[in-house]
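Novice: For reference, the chains in residue letters:
Protein chains: 2
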Amino acid sequence: MMTDYKLYYWSVPFRGQFVRAVLAYAGKTWTEAGDAAISKLMDSPVSKMPVPFMGPPLLIDKKADFAIAQMPAIVLYLGETLDLIPATAALRALTIKTVNDANDVIDEITLDGGREMWTEKRWRDFTPRLQKWMSFWEETGHRHGLKAQSGFLLGGEKPGIADIVTATLWSTMTDRFHEIEILLKETAPLTAALTRRIASLPPLAELAAKAQIDYGDSYCGGQIEASLRKVLGAER
Amino acid sequence: MMTDYKLYYWSVPFRGQFVRAVLAYAGKTWTEAGDAAISKLMDSPVSKMPVPFMGPPLLIDKKADFAIAQMPAIVLYLGETLDLIPATAALRALTIKTVNDANDVIDEITLDGGREMWTEKRWRDFTPRLQKWMSFWEETGHRHGLKAQSGFLLGGEKPGIADIVTATLWSTMTDRFHEIEILLKETAPLTAALTRRIASLPPLAELAAKAQIDYGDSYCGGQIEASLRKVLGAER
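Top line first, the protein sequences correspond to chains G and L.
Residues in the first sequence are numbered consecutively from 0, following numbering that gives the first Met the number 0.
Residues in the second sequence are numbered consecutively from 0, following numbering that gives the first Met the number 0.
Where hints are given, some of them may not hold.
With a straight-line cut-off of 27 angstroms between C-alpha atoms, the simulated BS3-like cross-links for lysine-lysine are [to be verified]:
(1) G:K47 / L:K27
(2) L:K62 / L:K47
(3) G:K131 / L:K5
(4) L:K47 / G:K131
(5) L:K5 / L:K47
(6) G:K5 / L:K131
(7) G:K131 / L:K39
(8) L:K184 / G:K146
(9) G:K47 / L:K184
(10) L:K146 / G:K39
(11) G:K184 / L:K47
(12) L:K146 / L:K120
(13) L:K146 / G:K47
Hints in this document: simulated from the structure, not taken from any laboratory.
Just so you know, these numbers come straight off a predicted model, no measurement behind them.
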């Protein structure tokens, strides 16, 4: 079957799951290039790359014959072309701000791609900062009228990129790490509720089930995930 | 005098200089909040922040009564409101991709905010990767018709956010580190020429002169800058 997009991202959720979630939410189909093709493309000359990129995600919009890298740029592109981003410059910028915040959070959760490994002490020292990150979502939602039972992160009448990215960030993490789930519910209850509402929409629930089948309970993979699981008592 | 914007960024160029450059290019005025006010705001409760933020830059558009953080989001906001971003979704996404690449380069140049210090060996190992980054700009320019004497990074008839960010990234770095200037000219001659053309436009040349007066030849500051200067033979 001909798909709409081709996605280069490792066979784990992590940073690529934001892109998958937007595509799934919009009802689009895509082919996963797979780990071997990603490695090969990363090592190929820049002149042969669909778009110059240092690491995945990289997305090809087949119909538009357009390639784009850098997660926030991919998500902006999809947001604009799939009508999932607000109309005003202010709300559009807040959308991209939220996406960049999410990107920073997952960098920090992996200690910038595993430069160091998690230890009990490092995690303990990081916990207040993770709670501060969580409170950004809570405060943003609060300022835009988010309620426990209804509403969206930046207001509006329907879910947008900010909601899909928020739900993907926190559901992917809290599904795998129960300690973080407890922390999110305590620190940012509106955000936890929004995450549950959006993540349980059929296309996103199906995507999460598919991730479970395809990647098991992997989050980011590698030694850094092992060290994270160890400090969080979530060893497999 | 009443200014158009208020910018929270440290008294060094680094990540904030992208925002300053866009404002200067567009002929806008701004007040610098200053280091003490930034520290105070970072430590204040999230509910008191103009927008939740982990670190500067943070920009307030006074007329619009709007605050935004995360450099790529600030630059998107300014690009849209000051008419400095292309009209098509593809070129807009490539603009934001370039901004995120620039953000990654300066993170890598500072070893993610100085987690480790530069050593001769680390710099030697990093040099091919820095050249790979440089080649992304060169290849992007090449694909969009950039020439040695004329043209812009993503094509078009006038400079846009992609050009201002490119010129700011490379001119700020190469003005301070002669070894990187040599590397850029060798690795990415079209990019080096574009950088010179854009950086010498009067508002950006004036901004660079002002940075020299206000911050001396500081780049990112701190011990990480000292270690970078040492490996690059650019000690003060």
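Novice: Taking the hints in turn, state whether each one holds.
Specialist: Do the hints match the structure? See the list:
1. G:K47 / L:K27: 40 angstroms, violated
2. L:K62 / L:K47: 20 angstroms, holds
3. G:K131 / L:K5: Within the cut-off at roughly 24 angstroms; holds.
4. L:K47 / G:K131: 13 angstroms, holds
5. L:K5 / L:K47: 16 angstroms, holds
6. G:K5 / L:K131: Holds, because 24 angstroms separates the two Cα atoms, which is no more than 27 angstroms.
7. G:K131 / L:K39: With a Cα-Cα distance of about 16 angstroms, the restraint between K131 of chain G and K39 of chain L holds, given a limit of 27 angstroms.
8. L:K184 / G:K146: Since the Cα atoms of K184 of chain L and K146 of chain G sit roughly 54 angstroms apart, the hinted pair is violated (cutoff 27 angstroms).
9. G:K47 / L:K184: Since the Cα atoms of K47 of chain G and K184 of chain L sit roughly 22 angstroms apart, the hinted pair holds (cutoff 27 angstroms).
10. L:K146 / G:K39: With Cα atoms ~30 angstroms apart, K146 of chain L and K39 of chain G exceed 27 angstroms; violated.
11. G:K184 / L:K47: 22 angstroms, holds
12. L:K146 / L:K120: Not OK: K146 of chain L and K120 of chain L at ~35 angstroms, beyond 27 angstroms, violated.
13. L:K146 / G:K47: 20 angstroms, holds
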